[in-house]
Structure formats: C-alpha cells, structure tokens
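Based on the hints, put chain B in the right spot on chain A.
One letter stands for each residue in the lines below.
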Amino acid sequence: MKFEDASQNLRARLGTIQLIVFVLLAVLGVRLYVLQIVKGKAYAERAENQRVRLLPIPAPRGAIFDRNGKLLVGSQSIYNIIVSQEDKKKDYSPLIPPLSASLSIDAEDLRARFAEVKSQPAFQDILIKENVSQQDIVWVESHSLEFPELRVELQPQRRYPANGHLAHVIGYVGEVSPEQLLQPRYKDKGYKPGDIIGKEGLEAVYDEFLRGRDGYRKVIVDSRGHIQQEIARVEPQSGQDLVSTIDDDYQTAAEQRLQMTPTKRGVIVMMNPNNGEILALASAPTYDPNLFSQRMATKEGRAEYNAMLQDPKTPLINRAIQGRYPPGSTWKIPMAVAGLKQGAITVDHSNILCGGGIMVGNKFTRCMGNHGMPELRTAITRSCDGYFYRLGLKMKIEGIMKMVDEFEFNKRSGIDLPHEIVSWTPSPAFKAKMQPKDPEWRDIDTVYASFGQVYDIITPISLIRAISSVAVGGQMYVPHFLKEFRPVAALSEEGLADYRPGRPARTFDRGQPKLIEMPEDQHAVVIDGMWGVVNGGGTAGAIKMPEVEIAGKTGTAQVVGLGKDVGANKDHSWFVSFAPARKPEVAMVALVENVGFGGQFAAPASRAMYDVWYAKMHNLPLPMPGATEAGKKAPVQIADPEGNRVTIPLAAPTPDASAPHATQDNHASKRPKR
Amino acid sequence: MVAMFEKRSLRDFDWLLAILAVAIVCFGTWQIRNAQPNETFWQKQLVGLGIALIAMLVVAFTDYRKLVNFAPAFFIFGLALLVIVLIPGIGMKINGQRCWIALPGIGQFQPSEFVKIPTVLMLARYFGRQRSGALRLKEMVMGGLILAAPVGLILLEPDAGQALTYFPLLAVVLFLSSIRMWLVMAALLTSLVAIPAAYVVGVKTGVIKAYQQERIQAIIDPDKVDPKGFGYQTTQSILSVGKGGIAGSRGNDEFSQSALKFLPEPHSDFIFAVTAENTGFVGCIALLMAYALLLSRLIGGARRARDRTGMLVIMAVVGGLTFSIFINVGMAVGMLPVIGVPLPMMSAGLSSVLATFMTIGFAISVQLRRFVN
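These protein sequences, in sequence, are chains A and B.
Residue numbers for the first sequence follow our numbering, so the first one is 1 and each next one is one higher.
Residue numbers for the second sequence follow our numbering, so the first one is 1001 and each next one is one higher.
In short, the hints are calculated from the structure, not lab data.
One or more of the hints may lead you astray.
Now the stretches of chain B that chain A is said to cover, found in silico as 3 or more residues with beta-carbon under 8 Å [stated by the list, open to error]: (1) 1038–1046; (2) 1080–1088; (3) 1185–1191; (4) 1289–1301; (5) 1317–1326.
Quick list of the computed label-pair ranges, beta carbon to beta carbon [what the hints assert, rightly or not]: (6) 194(A) x 1264(B): 26 to 34 Å; (7) 311(A) x 1220(B): 38 to 46 Å; (8) 1050(B) x 26(A): 29 to 37 Å; (9) 1198(B) x 143(A): 46 to 54 Å; (10) 55(A) x 1108(B): 38 to 46 Å; (11) 1094(B) x 493(A): 50 to 58 Å; (12) 493(A) x 1050(B): 40 to 48 Å.
Just so it is clear, the structure is predicted and the values come from calculations on it, not from any experiment.
Note that beta-carbon positions come from the ideal geometry of N, C-alpha and C, so glycine has one too.
In isolation and in its complexed conformation, chain A is listed as follows:
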C-alpha cells in the first residue's frame, strides 16, 4: 500500500471488510446446508406434492333393477362446468358478469359460490354449473383463451324416475355432508368432500355396494393448475347393480291406486309372505328425488326442499316405515291368534258375548252392532268389537303385551330402508308415559288396547309383517328389497398398483324366519275368519274376487274420534289381506289416510292390486290405468261401514295419526255414535 497511514488502521479495516465478506458468504453456505442437505428430502417432497395432483375419475354407480330386470334407476353422464382455482387470493368477481350472461347462471349464486370456496383448501375446483347443455360446452370451449380457468368435466349422475315413482324405496344420492364426514363410518371408509353418497332409501342402505371405486389420473400441473402431463391412470370400477324384489308393475299400480283415493295419502305394501320379499311399497304423497341429486345446489331447489319440509302432507315421510297409525280392527287378527295360543279361547269354545258393547266401571264402550255370542270366525268376519273387548280382558294386558312381543310390534321390522321407526304398543309403562296425570293401568285401558286404538299405534310395515306370518302359519320374515347384487369383475392384475379386486354377487341374508307357533287348527280358524271378511259376507264382501279367494281384515283408525267426520281429520282406512287365502302368495297392507270408514277405500285399492297380480300371473293384460282398458273399473263402494263405535274425545285434535294421543281423557263420557 502506497499511502500507508498508521493512524487510520487501514489494514485492519480492510481485513475487517474481508472478514465480513467471508462471514456473510459463510452464513449463506450454512443456510444452504440446512435447506439442501438437512431438509432437502422434505422440500423435494413438498415440491413434488404441489406439482402432482390426483384427479378422480368418478366411477359409475350400480344401477337398480326391478325383479324382472327392468331398469329402475341408472346413471347418465352429465357435463359440469368447473372453474379451476389457481389462487385463493384471486378475485373471481370479474368472471361473474360474463359467466352469468353467457351461461345463464344467477349472478348472486355465482358470487355465493366464489365466496364459499375462499374457506376451502387451495386448488379445490369450483363447480359453477351442473348438467350443462351442448351450447354451454361449446361456449366454454370457444372461450378457452379468454377464460383459461373454465373447464368442462364429465360426471355420472343419478336420474330418478319422474313423478316420485319409487322415491321412498330407492331414496336418493347427494354430496356427502361435512357432518357425515366427521362420523367414523364415513371417515374411516375414505369418503372425502364432494363424494356422492346414498342419502336415503336403498341408495343409502346399500351405498357401499352400489358405489363404484373411483379411478384417478395422476397428473403434473403447473402453478396455475393447468395439466402438463398425465403420469399414471387408474381406471374406475363401477358399482354393483342391485336387483330389487320390487315388481315395477305392482309398484306402479299401488302408486296409481293411492292417487285415486280422495286424500291421495296412504300406503300400500305388497309382500311375498313366504320369504319377505317386498313386491311393491308405495307411500303417498311422494317427492322427486331428482331434487336432491340434481337441484339442491340451486336456489329454486332449496326453496322446493323447504316447502316440502313445511308441507303438512309430509311427502318426505315414508309412511310405511315412518308413519304410526292405530291399526283399528286389523289388530283383531294378532289378538285372535294370541287369544287362541294363550288359551283365552279355544278352537272349539271360542264364543264370547258381544253384548253390543261393554260396560267397564261407569263407561260403556259400544260395538257397532249386536252380534249375540259369536264364535271367533264370525267375530273376525263381522268385526265384532264387543267380542274382542272381552277377549282382551280375558287375556289381560300381560297377554296383549305377550302378543306384541311375539309379533315383534315393539321392534323394527329390519327392512332394508333407513330411518324405520318403532311402533307404540300397549303397556302400563307406555300409558304412564303417555298420560302422566293418570298413569295407572285399568281394565278400560285393556279394552282399548284390545281393538287397535289409543295404545296401539303402529307402522304399516310391522303390521304387514305380522299379517304375513299369520298368512303362512307362523314364519315371520324380515321384509326386504334386496334380491341380489350382481358381481363386478376385477380390474387389472393382482399385485399391480391399479388392481381392483372383483366384487362377488350377493343376496339378501334372510336368516331363519322368526317362528310363531301356530297350531294347524287355530291357524285355520283365523284364516276362515279372514276368508269370511271377503268371501263370507264380511266387512269387505264387496271386493270378493271370482278368480282368487282373498283373505283380509278391514280396519278403521281413529284420528280424532272414530266416526267423527270432521272433514280433514276423518278416520284412516285400513285393509290387510293375502291371497290365495289357503295358500298365500302375496300379502298386502293398504292404508288410506283420512277417508273415513275402514275398507271403503283401502279394500278396493287392495282388490285392484290383486287384479293386477292375477292378470300378471296368468299373462293377461294388466288392469291398470294407462295399461289396458280392463283396468278402468270404477272403485268399489262399500255400503256397509265397519268400525269401532267408541268415541274418545281428545283435548285437541291431532291431525296426524302418528302423533301421540297424549292428551287423552278417559273420564270423558263415551257417547254412542250413530
């Protein structure tokens, strides 16, 4: 250095700068060591993760067929318009005006949709329009330069039959809800947001089998989410097709019959009593399941749904398994079977006084006629209440409870539908709960419990199950819809990454039926009585069929008070039956809400079903509206109203028979009616 100046420590200062330079570079070197050597693998993985994405290829859901192989529900491919989300921070509002104008999407809906995804993880695609038209697809493709984030995606979608046909049986699918994802049974099976799952009906119960296994494409994407290259592909495996026990002809007939009733509300269930297969299950009113599978994302769809929730006609309720009704005189059948079994009466000595009614304490509960001292056969055929009041008193409440246990009225039937409810059955405990002010069980309560009112409030499915078991002499099967699942072949080879094992065929596991011991002679008496109802001048004599002998029993379920015609709150009409009477092949329950006396509507509706059944068995033209001319018979009118002559005033009218009659006042006078 030519300008040495000791006082300035120049050498030291230059040295200091050199040191600083080295220290700074060394710091960078240490940092690089940490990033690249120590954490290098982790960062490489993260970099890999952000560039590799799995794009699901949705698997088609298994179709649902009727027992004859007729397609009930299938999947069809629809196209959806998707916005690929590049950046959570990105403002999508400039997209709203052009998209809402060109694709006719509600601007508010779009705004809400875009706002919603802000809370979702990044790179979540935004579905902006479902089931788009060809024009929409063309528009998106022709504007790909202008709106590179738009994409058209193929998706299989469920299409349910029109007019709510089979809605209560098949149910519907929908997007898995955030609440469901928290439940272990969904979480553990690997369901993820956006998955379509069965939400109701068979779709829900058999979701596991119906759903396919999604395939996926493994792709490399750039920072904007644009696909650069496909690096792997696993094909989807479709779900298993379900062959149901439903016969679509019976189903259609049942739905039509309910539509022909004055209130258009009710239930028809047709079942094979020999194995529990349900041939038809109609609950009216019904709903359109396509609302849930297709329209729930729209404002109109949600409004429609809310309207249904508010609808006093409760179209979403499957009345067969979720409605509770007093069984009325249909209750006399299990009572008769139990009375014989328990020895309260015998086959040879089954006569009990009718007496035109019964006086218990200071209350007279009347019978609609005076049947003298009928034997069981006649008591069933004529639906003698007086007989059963006294039979009930002989059996005592313990006997009735034993009957309930035996016929499993206090259990779920086990039907393969979700949300089945349990019937309410008579017991001192039930009364104590229902009427806390008067909890003590009295003889009058036993009288009520013995003819299918007040304490007997049951589901149609539990009734058809019991009646079916009576029909076949004791075997009580689990009612069900599943006939079989068709097998699905394996995909790829075992050991390979995209291997999907095959799925074997499967039938409903019926198990052994519950056996209700029914001695031959006792069984015969009850069947004779039921035979007489239709064929022996009984309460449903008007539906007597020349070709087939129907055995049945009418019933009237009180709504406000039996026979009290108060317009909308008229009694419910029941008819339980099976045919042929001596060798039953089908059993049926028909319930029509609020149409008045038993049998007036339910029995003819059942008869119409038997007509269809007979025609089908003999390859005749089906007597159904819209099917053949023969079907257009006028409804049979029953001139002779049958029912129970008891009037139990209620503190407040309960429009829905399934609601508990909790405000019953037993001290009110029982005035004879009619």
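Just chain B now, with coordinates in the frame of chain A:
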C-alpha cells in the same frame, strides 16, 4: 490504451479476476436457460457478456485516474439519466416501476445500475485525497449528499431494492476513510434498535405497505404466512432450493419449479433458486466460493492499490457486490424478504452484467496501474 499492448500490462492484468467473472456469467447463462428454456433470455445474456467483456477491457486499460477526474461530469450525466427515466413516455413502466429506458433496436437499460459507477467514482474522488486524522462531520455530510442524489431519484421510480444497493458504497468508503470506530459501533447499535423500531413505526403509519409487511413476515415466521399470498415467492424459492438437495437435477427435470411456473422471475431475481434446484448444494457452494475468490481477489487488489482513490474504488465495488449477493441469495434461501436486487453476474439483464463488468474493469485498471506513477 496504449498500455494495453505493453507486455507488462498483459502480465499485470488480473486474468483470474476476469476469467472468474466470465465463468460466473457463463454458469449463470446455463441457469437462465434452465429457468426459461423457451425464452431468449440466455441468448441475450451471452450477447450481453460479449458487450460487457469489451466494456470491461476498455475500462481496465483506461487510466482510472482520468476517469475519476471526470467523475463529476459522469455523475451529473448519470443523475440526468435518472431524471429522464422518470419522464413518462421515455421511462418504461414495468410492474409499477418506471426504471427502464427503451433504446430502439438495442433493448432497454436500467440507469440505476449504471449510476453506481459515477457514484463510486464521486465518492472515491471526494474521499480519495491524502488524509490524516479521523473523518470530519462535514466530510460525512458531503458523502451523504453524494449518495442522496441518486438514491432519492431511484426512490422516485420507485425501486427500493436498487436504492438499497447504494448504501454499502458509502458505508465502505466511510469505514475506510477512518470514520471513528465509536461512530461505527454507534451506527451498528442504533440500527439494531432503529430498524425494528422503524418497522413498527412504518407499519403503524402505513409507510410499509401490506405486501411488504407480508414479505417480511414470511422471513420472521414462515409457517404463519399464507403460502399463496405474498409469502408465496419465499415459500416457492425455499422449496426450489431445498429440492436441489446435494447434487440437484442438473437440468434434467422437465417439470422443474420454474418450468411449472411455481417460481416467479426465475431468470432474474430468483436465478439462485434455479441454480440451487439444478446444481444442488455442490453447485451453490461452488458459486459462493467463486464469489468469495473474486471478492478476495478484489480486496487483494485494493490492498496493493497505489493511491487511496484506487483503493476506495475497488472496495466500494466489493461492498456493492457483497451486498447484492447477500441480499439476493439471502432472499432466495428465505433469510431475507423479497427485494428486487439482481444477483451480480448471474441474473439475466444486460444492464446488471454490463455495470458489474465495468466496475470490475475499474478494479483491474487500478491494479494495472499500481506501479505506474
């Protein structure tokens, strides 16, 4: 210029320095090509290298003392360019910053890169006189004023990153002009307190904008920052660096961070991240060692300079280069917030390469004349 042909000149010419610089630019050009294989940046960079090499030789074989004498003229010319660039219509606005002047047929250049040279010369000229005793207040104020002129104009563009790179020039010059050590210590201590305080005040008053805050937050607490927000660049840069591992992908990754556009500005501000992804720890350390060697070589030259002016020119260059390297690499490895400072000799950009080579040319010129009277 005559000296160029003298044997002694050829012997004294710092070949190692020049070769190191050229080698770093060539290495950088490879990385630019890795970053943007489908763009022409890397070809332009090679052309820039050619131009810069010529400029370096011209400067190297020119007597730096003459250039220092003309410093005020250069300085005023430089300031004029910084004013011109602010005029809409002449200065090109890119990303909200007006820091480019378009030259028809040649391209565009960035005056703020070049004005460093006259600024260094001005500082060297002012502080280069033979001196005794500690620095006086008047001198410090004068140095501050020399710096304030270009920095103020650059801040008007506004280009805070470039403005920042001017400060080490003055700092080095003051340090070597026997500023009192207690002042240095005081300045260090003050900044320890003042920088966080200024940050807090800046945040409160809104002078530091939200995106700047977020960039700083990304360094202080990388986990808390929205990886898709303004911390995105830092996150992606760290990922790219880390992904490189020991040996890197050596340009074989068709779907690299930059190719998939995860890494922003891969050819310029984040060229180091690209280097790290492609060459791994080995390449990065090699590059840092090349820088260390180059800087040591420059410091060595400063030690042997025949006058204060020459020493100050070289050391100011060292200060500027070190600062830029540290800021840029620090940003790429997620130690420092994202600031638009190019990595010397690596980042694509004619202005940066040319200016850097010219400063190195000065350093060579100083060394060439260490024995010349």
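Results of checking the hints against the structure:
1. 1038–1046: As far as the stretch 1038–1046 of chain B goes, the hint is violated, because 0 residues have Cβ atoms under 8 Å from chain A.
2. 1080–1088: Coverage by chain A is violated for the stretch 1080–1088 of chain B (0 residues, Cβ < 8 Å).
3. 1185–1191: violated (count 0)
4. 1289–1301: Since three or more residues must qualify, the claim that chain A covers the stretch 1289–1301 of chain B holds, with 5 doing so at under 8 Å.
5. 1317–1326: holds (count 5)
6. 194(A) x 1264(B): 26 to 34 Å: Since residue 194(A) and residue 1264(B) have Cβ atoms about 31 Å apart, the given range 26 to 34 Å holds.
7. 311(A) x 1220(B): 38 to 46 Å: At roughly 58 Å between Cβ atoms, residue 1220(B) and residue 311(A) fall outside 38 to 46 Å, so the hint is violated.
8. 1050(B) x 26(A): 29 to 37 Å: 34 Å, holds
9. 1198(B) x 143(A): 46 to 54 Å: Holds, since residue 1198(B) and residue 143(A) (Cβ atoms, about 49 Å apart) stay within the stated range.
10. 55(A) x 1108(B): 38 to 46 Å: Check passed, 42 Å falls within 38 to 46 Å.
11. 1094(B) x 493(A): 50 to 58 Å: Roughly 56 Å apart at Cβ, these two residues keep to the hinted range, so it holds.
12. 493(A) x 1050(B): 40 to 48 Å: Violated: the Cβ-Cβ distance is about 59 Å, outside 40 to 48 Å.
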